[in-house]
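Peer 1: Input sequences plus hints: build the corresponding full structure.
Chains as they are written, first to last, in my numbering: chain V, 220 to 574; chain A, 11 to 78; chain W, 500 to 743.
None of these hints come from the bench; they were simulated from the model. It cannot be assumed that every hint is accurate.
[As the list claims (entries may be wrong)] Derived Cβ-Cβ restraints for the label pairs, each shown as a range:
#, chain 1, residue 1, chain 2, residue 2, range
1, V, 553, W, 699, 53 to 63 Å
2, A, 17, V, 272, 41 to 51 Å
3, W, 688, V, 351, 39 to 49 Å
4, W, 505, A, 46, 15 to 25 Å
5, W, 729, V, 346, 50 to 60 Å
6, V, 424, W, 505, 17 to 27 Å
7, A, 47, V, 434, 20 to 30 Å
8, A, 45, V, 424, 25 to 35 Å
9, W, 627, V, 518, 54 to 64 Å
10, A, 46, W, 503, 25 to 35 Å
11, A, 19, V, 346, 47 to 57 Å
12, W, 719, V, 351, 36 to 46 Å
13, V, 407, W, 535, 40 to 50 Å
14, V, 272, W, 655, 30 to 40 Å
[Stated by the list, open to error] Straight-line alpha carbon distances no greater than 16 Å define the calculated EDC-like cross-link-like pairs of lysine to aspartate or glutamate that follow:
#, chain 1, residue 1, chain 2, residue 2
15, W, 502, A, 75
16, V, 421, W, 541
17, W, 743, W, 667
18, V, 426, W, 541
All C-beta atoms, glycine included, are put in the ideal place defined by N, C-alpha and C.
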Amino acid sequence: MSDKVLMKGNEAIAEAAIQAGCRYFFGYPITPQNEIPEYMSKRMPKVGGVYLQAESEVAAINMVYGAAGAGARVMTSSSSPGISLKQEGISYIVGSDLPCVIVNIVRGGPGLGGIQPAQSDYFQAVKGGAHGDYHLVVLAPSSVQEAVDLMTDAFDIADMYRVPVMLLGDGMLGQMMEPVEFKEQKGRDLPSKEAWATTGTKGKRRKNVVNSLYIDPKELEDLNIKRFERYKQIEANELRYEMINCDDADIVLVAYGTTARVANSAMRSARSEGLKVGLIRPITLWPFPVEAFQKAVQTTKAFLAVEMSMGQMVEDVRMAINGAKPVHFYGRTGGMVPTPSAIIEELKKILGGER
Amino acid sequence: MAKVIFNEDRCKGCELCTTVCPKKIVVMATDRINIKGFHPAQVIEQDKCIGCAFCATICPDVVIEVEK
Amino acid sequence: MKKVFQRPEVLSDVVMHYCPGCTHGIIHRLVAEAIDELNIQDRLVGVASVGCSVFSYNYFECDMQQAAHGRAPAVATGIKRVHPNNIVFTYQGDGDLAAIGTAEMVHAAARGENITIIFVNNAIYGMTGGQMAPTTLLGQVTQTSPYGRNAETQGYPIKVCEMLATIEGTAYVERVSVDNVKNIMATKKAIKKAFQTQIDGKGFSLVEVLSTCPTNWGLSPVESLGWLRENMMPYYPLGIYKEK
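Peer 2: Here it is in structure tokens:
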């Protein structure tokens with residue numbers, strides 16, 4: 220499928236996973252991500268893969284644990300409340316150093332919330348929604364094409380560093396249709412899984428144990444420290460972000476995912492009105508692109524973070540800037556989507572010095 | 011003739027084996043304690059052993075091997 | 500003379516952490532004996548649950564995964580779907596299987612998942628110090644039913660075999676006990692049959708083994724076997740509840 224296809228975000232994400240070699244999917248229905256399991260249920264049998272609808276998101280993430288521990292390229296997807304249910308399983312996957320991909324098509328919350336797009340799971344994804352010291356590598360695509368391209372990275376990063384990787388989308392990204400191309404992705408050479416995967420010894424090796432229980436605290440500490448050394452490598456090698464028009468910007472917008480497209484429109488029309496506006500778009504939410512802010516802070520006067528939440532990423536922006544310049548926030552929540560004109564209005568308030 | 015071998019230091023002194031021996035020759039050694047601090051089980055009259063392995067069957071810690 | 504009884508090959512040659520007289524140790528050996536005799540060690544993957552038997556990943560000489568509390572049947576499903584030719588079993592206690600893991604148990608059964616579950620029922624939470632379990636008997640005193648389990652406020656003990664027998668996907672469900680030599684031998688036979696069910700691809704198999712917890716029952720190991728016979732067996736009758 221090298222030519223362009225008009226595809227719904229959820230389905231494109233699922234197809235991209237299959238093209239990245241994922242052959243095992245365990246999921247559960249929840250709007251607005253249903254087309255991912257639906258698509259998988261159609262395609263997996265055709266490619267010799269396994270699609271299984273579990274009895275709950277809790278069971279699904281633990282099936283992912285088993286399959287990942289058995290050496291498979293495996294994935295699950297859900298939406299906000301379902302991702303909350305998976306947190307314990309994610310912590311076990313981290314604690315057992317297992318690779319997998321988890322897709323969260325975020326919806327308005329908290330509680331049952333709504334089914335419209337949101338970014339209010341940022342803290343849960345980036346700061347850790349489960350117990351223990353850990354990071355999830357979090358990739359935030361802002362288009363269907365980018366979501367497709369990032370899926371291969373997600374699986375490769377997971378296998379390369381033996382960590383779970385989250386693709387953080389939202390209801391808009393999942394439901395909208397865009398032309399998309401499944402380009403031939405150059406695969407990385409990845410470490411073998413033979414040393415730890417439970418494939419059955421076949422009488423040829425000592426047993427492998429996939430486990431996260433360490434009663435001896437020193438052993439557990441050493442393991443955590445080793446994992447954080449791998450996180451350092453991820454920070455060094457896997458950082459992704461975009462900086463647009465920041466060099467001469469008086470104010471820099473900060474937005475990720477589909478909100479970044481809204482911010483981009485606001486930036487362009489503000490520019491046409493002579494306002495010098497830039498945009499920083501984190502693509503990896505963890506590792507967070509601190510370097511982008513350290514560069515921009517030298518030239519710009521202020522930052523305006525825009526999110527579909529009450530303000531979560533803005534805290535990381537503030538930390539990155541460390542008080543050097545003011546960081547403002549504008550957001551909608553509950554499934555409401557900010558508009559370019561509302562952002563422009565905020566920009567004018569800030570630039571006009573009103574705030 | 012049959013023989014039972016007790017790996018005494020693995021015994022936790024639970025006494026289950028003493029309740030199943032058809033020949034009543036499995037008893038606790040009250041004259042000594044093993045590395046864990048338990049009185050280990052033992053067979054006193056080895057010649058009466060018929061090698062039925064009942065003691066070994068009920069032992070939770072694979073302390074007993076039986077030869078026949 | 501020839502050895503007629505010795506440690507099974509797949510049972511690791513280590514000291515098990517179980518309390519003196521805890522019958523987990525017997526059940527581990529029976530599982531190992533069945534595995535040796537069926538010669539499936541090389542394609543075997545076990546899933547340890549959370550409870551006293553959490554360390555069973557140290558006791559079986561085959562690939563093992565340690566599952567979150569209650570999730571062993573789901574983890575086993577993940578493994579089995581990746582390696583359908585492997586033999587996959589879980590080893591779970593009553594808290595793990597019949598409390599937090601009920602949904603995973605029921606749905607693995609409903610899917611007819613081709614795995615084998617060794618379910619050890621000792622009517623109490625052992626590892627955490629003797630709390631009431633879903634299989635704790637009416638009137639049984641535990642750390643969280645200090646006045647004896649009372650049906651009005653704490654409901655009734657769950658009969659897992661009877662429950663699973665109603666589920667279409669189950670191929671073999673039997674309840675056995677390790678309270679005496681005869682029943683121990685019957686337990687081994689049942690475990691072997693459960694693994695054979697999986698080998699033959701017939702679907703979900705589970706063996707419920709009535710077991711003791713001397714420490715938390717507050718009885719000696721020998722008295723515990725008696726308590727099991729007098730109290731657990733009437734409520735949990737032995738027998739085959741499903742056989743395809």
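Peer 1: So which hints don't hold here, by number, going up?
Peer 2: No numbers; nothing is violated.
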